[in-house]
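Asker: Listed below, chain by chain, are the residues.
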Amino acid sequence: MLLQQAVNGLVLGSVYALIAVGFSLVFSVLEIINFSHGAMLMLGAYFGLVMIGALGWGFLPAVAASALLVAAAGAIVERATIAPLRRREAPRVLALISTIGASITLEAAAQLVWGAQVRGYPSPLPPGGFTLGAARVTYLECAIMGIAAVLMIGLGLFVRLSRTGRAIRAIAQNLSAARLMGIDVERTIVTVFAVGSAIGAVAGMLTGAYFSFAQPSMGFLPGIKGFVAAVLGGMGSVVGAGLGGLLLGVVESLGGGLLSFEYKDAIVFGVLILILIVRPSGILGYDTGEKV
Amino acid sequence: MTAGLLVAGAIVVAAACPFLVGDQYILHVLIMWGIYAVLTLGLNVINGFAGQLSIGQGAFYGIGAYCAAILTTTIGWSFWLTPPAATALAAAVGMLVSLPVLRVRGIYLGMATFGFAEIVHVVLRSWEGLTKGVLGITGILPPIAFGIDFGTQDRFYYLVLAAVLLSVLFSQRIYQSSVGHALLAIREDELAAGLLGINTTAHKVAAFGAAAGLAGLAGSLFAHYLTYISPENFTSVESILIVTMLIVGGRGNTLGAVVGAGLLVALPELLRVVNVYRLLIYGLLLVGAAVFRPDGLVGRVGLARRRARPGAAAESGPVATRPENPLLRVEDLQVRFGGLVALDDVSFSVEGGEVYGIIGPNGAGKTTLFNAITGVAPVGRGRIQLGGLDLTGLAPYRRARAGVARTFQNIRAFAGMRAWETVEVGFHARLRRGGLAHLCATRAARAEAGAVRTAADALLRFVGLEKVADQLARNLPYGHQRRLEIARALATSPRLLLLDEPAAGMNESECEELIALIRRIRDRGVTVLLVEHHMQVVMAVCDRILVLNFGRPIAEGPPDAIRDDPTVNAAYLGTEIQSAAGAADHA
Amino acid sequence: MVGLKEASEMRGTVMARRTVVRGLLGLGVAFGCALGGAAGASAQELVIGVIAPLTGSKAEQGMQFKEGAELAVADLNRAGGVLGRQLRVELLDDEGQPKNAAAAAQKLAANRNVIGVIGPSSTASCRAALPILERARLVTISPSASTASLVTDHKYMYLMSPAIPFYGPLVPRFAQVELGAKRLAIVKVKDDWGLGVSKATADYARANGMTVVAEVEYAQGDRDFKSQMTAVKAQNPDVIILNTHYTEGAIITKQARELGLAVPILAQGTNVYPQYAEIAGSTAEGALGWVDFLATLDDPGVKRAVAKFQAAYGKPALNYHITSYDGVMVIADAIKKVGNAEDREVIARTVGQLKDFAGLVGKISYDAERLPVRDLFWTTVKGGKWVLYQPTKFKM
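In order, the protein sequences belong to chains V, E and G.
Going left to right, the first sequence walks through residues 1 to 292 as the working numbering numbers them.
Going left to right, the second sequence walks through residues 293 to 879 as the working numbering numbers them.
Going left to right, the third sequence walks through residues 880 to 1275 as the working numbering numbers them.
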């Protein structure tokens, strides 16, 4: 039973990690929380659903197309709700409000377009699985963990090796210095939103496939969980987001299974608070401290 | 004057509302406005004043509501006891929680408080023995007293109105008193506030308690109003809503909190007309509010603050103290950051009444030395003594209270505070009356506030800023901000003043003014420790100079000796010090 | 320089103040309009208030309330209205939150043309709204709530869906008689309804020689139940009873099967929705459940209702379409019997005396405890659809 709970936790955790990395990337460049990220998940899931259901595409082409569309949506949200704040030099906490607004708007729009009802979600793989010791693992779960791992590693390499990645890290260190060094800060920020949203879209489609449904409000809770994972791992770190996601998934699963289903969320947030008290910037977040 | 009229008018209109609007539904919306106004006013104390992001206000709201509900339904307490109990319980829990959690800052603090709110929600849902779990508590009695049933809407309205007025008064008292000054200082720059001798932890904990207490009060009102509560009323969504109200209204602003709450309570109701497009439009309006009014509808800097009347017993400027010898003694100091040794083998002592210069090339460890003396940098080895008192190991604010004050290399004036506020907050550690006395504006506290004002005005004159006393620090030119920092430091009435590159960016005539200012400070009996690159200034004011290079002292002596010291010249590659010394000779 | 800044700051303050004043004025005007709108409406028009979650995660339910009630009002108006007066639906979104339900109730209570209320959806929202509606003496019919104490506590309140005391014991009895089960596992949603129905299930089971070997719960909105189902599997139950809503019920079914739990699944009516079969896919096959209405059932009343909603909205009807439609009809019927729309107390009492009212699908009556008596069907999932199931041993 322990093994089964751990496996369950890892599957959930890899989805959380994908969501977390979107928060984390945005935070690293702008130090804001993008509350509309959950809505990106939902959009990704619905775009995918339309392509698979109405257009009859395969799952993988649908993932790619949906990711592209949501990347555009993410870029638009950045331009419409966050860039103006930057221009006006508004305090960062304002981004919380404008992105909450964006998220409410997107959710309401989705309900108007696709209806409020819960829709079934197709699975890319036939049902079934295999037994691993005392645990059962489905093929879909394997695929989810695989896709998540590939994306996380790819993103890590992108941030580490690519030109844009270098720009992202430079901005994370010091935005105005990066601008003075000739980095196209605005373009990089839009790229960050697009990439984060695209990965969020994939996470949305995987969530849809894993739980087999889509609904306008489906992004909210996973969004919060992803955010918790990002904080847990340490904002601004791709590895941290991965670690935070997996840890959150496992704590949730084991805490629920071994201690109490009722207090599952309390356990999760209790662990979060403890970790923050010991490491105020998350597990892998570096404490910037204060320069005097 | 006009502000007073406006407030009075608002109260009259508010009191007349039940007669003006016969509609129970509008009264209901007004009551909810009142309840959220109290919640948002609470959040304003911790977030608006003290600058700490809390997304956990919903937790204390819930604690207050359940406290009131359980006390009335199980023990049968009357309404008149439950709000105070709910307020006290929520405040106590708030302070208890804040102790560990306030270690965490910024967005991480937001997350930790959010997490706490989630935990409270789960407990409300699951602790069935106490809270009846998801079933919620029904049959909460509406308030009845003196044979009057306050359960009807128009009467309950007055209870809520009273609570709002009380909260507004409380909020304004904080804002206008020394406690508020200290909170604003923490918001603007926690480290600098601590170095003024403000016990930042205690203030943040108290602010958290106040915020939680008001939320508890709002919760008790909500419970008695709805007469039925369930955990669904106190979710994380609620906490986020309250944050939204405050930001949309205007942080740090009492009026903003009230307006923000009103707007976000009324808006969804007004938008009922547009039916299914309601949330769509609501969301767009939120985006618009954030983008077009980033400082909130009312703005961040709120109603101008009333200043205390000048006091009779006024001290003027820093008080001259008897010179102590030696005043500062640094022995065998070592500071390391991980593997990097920033300071090593540093020993020196400073006589009372001296101006003691510390120079050295960039990276020599000058600012680190200041940080070690003020308690900002960790001391690895060695001792720092001030007039016989061992400072090593004391918290920064305690060192400040012992008589150490400083300015900063990168200006850390409190950007969002007015010049006079900035200086007054410097007096904080010397106040004899406690925060509570100042909150309640007792006669003694009022006298003290008046004295502080007089003294602050004197200090502003002393540094030549009396004409810009009402300006926000962020609007002052660079040189003014530096002088404001000096005035703020002097307000703590230090025995030892640490000036970190006060002449940076100044032209020659400004440097002359600075030299004169430093001499006047010394003449008042304040010992000065000066880190400076402008050799003109150093050579002109310093009695003795210590030269640091790569974290170690390489020379010490009077200006003339230092100028001719070959080791020093080697360290400076012979250029800077010679030419500057030449300039000083001409002067 | 300084002077300029001072001036600009002062202007800022003045402008801010102006904005506030303007904002407050705007608020006042808007309120005035809202008020005027209510008063200016035709005095002849009768209003049916609908309090429903039209947005948020329960929006689907709310839309059924809306569509059902609107269709009923349209039908009534086409037939000449009630007592010669036309009807109108006033729609109030409570987002599924109790405090908003209270605000909505307040708004309805303030409008003298309101004659009855359809909603709110959940037990918690009902509890928040009912004291207010009761003070206004408005008869209230919830299309979805099934907690009996709502009715016992509030004399203007009625249910339209079957009540827990009625169907609560039904499921374990079915498990015992039809499936021969002895060891039950109960999965419940942690809300007012989930706890109530689970208690009824467990009480009946224990009193009749069965054991409840596992009773696990989840919070509304949870999406991962593998840890719960892993725990259930370890207890080796004969049958799993789903005291859940359909989205969660379907995911639970799917995850239970994925974990290799192959025992029969017995679901409350809240799961008997097309989406259940759609979400759970092939894992839904063979699941059993009772229902009061299902569009795919082979029954003349059902077919008539389905055709009606198909014509009006171009989509198949769901449970609460029917209960909301019937709710409006029941209120209208009571008003017609009373002969005026003003005597609210009598209207509410008259609703309680309803006997064999011809509802959209079957007959509706209220029993001595003012709880609804309705015909139920047993169904099972076959080929991805809920279809009628004929019990071999079990008798209603």
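Hint data in this document are derived by calculation from the structure and do not stem from the laboratory.
A portion of the hints provided could be inaccurate.
What follows is a list of derived Cβ distance ranges for each label pair [what the hints assert, rightly or not]: (1) G:N1115 / V:L259: 18 to 26 Å; (2) E:P769 / V:S176: 18 to 26 Å; (3) G:K1215 / E:V529: 41 to 49 Å; (4) V:L259 / E:R735: 54 to 62 Å; (5) V:F130 / G:K1061: 41 to 49 Å; (6) E:L458 / G:F1236: 28 to 36 Å; (7) G:N1087 / V:Y139: 18 to 26 Å.
For each residue, glycine too, the CB sits at the ideal point set by N, CA and C.
Asker: Against each hint, give a clear statement of whether it holds in the structure.
Answerer: Hints versus structure:
| no. | hint | result |
| --- | --- | --- |
| 1 | G:N1115 / V:L259: 18 to 26 Å | holds (22 Å) |
| 2 | E:P769 / V:S176: 18 to 26 Å | holds (21 Å) |
| 3 | G:K1215 / E:V529: 41 to 49 Å | holds (43 Å) |
| 4 | V:L259 / E:R735: 54 to 62 Å | holds (57 Å) |
| 5 | V:F130 / G:K1061: 41 to 49 Å | violated (32 Å) |
| 6 | E:L458 / G:F1236: 28 to 36 Å | violated (54 Å) |
| 7 | G:N1087 / V:Y139: 18 to 26 Å | violated (42 Å) |
In summary, the numbered hints that this structure violates are 5, 6, 7.
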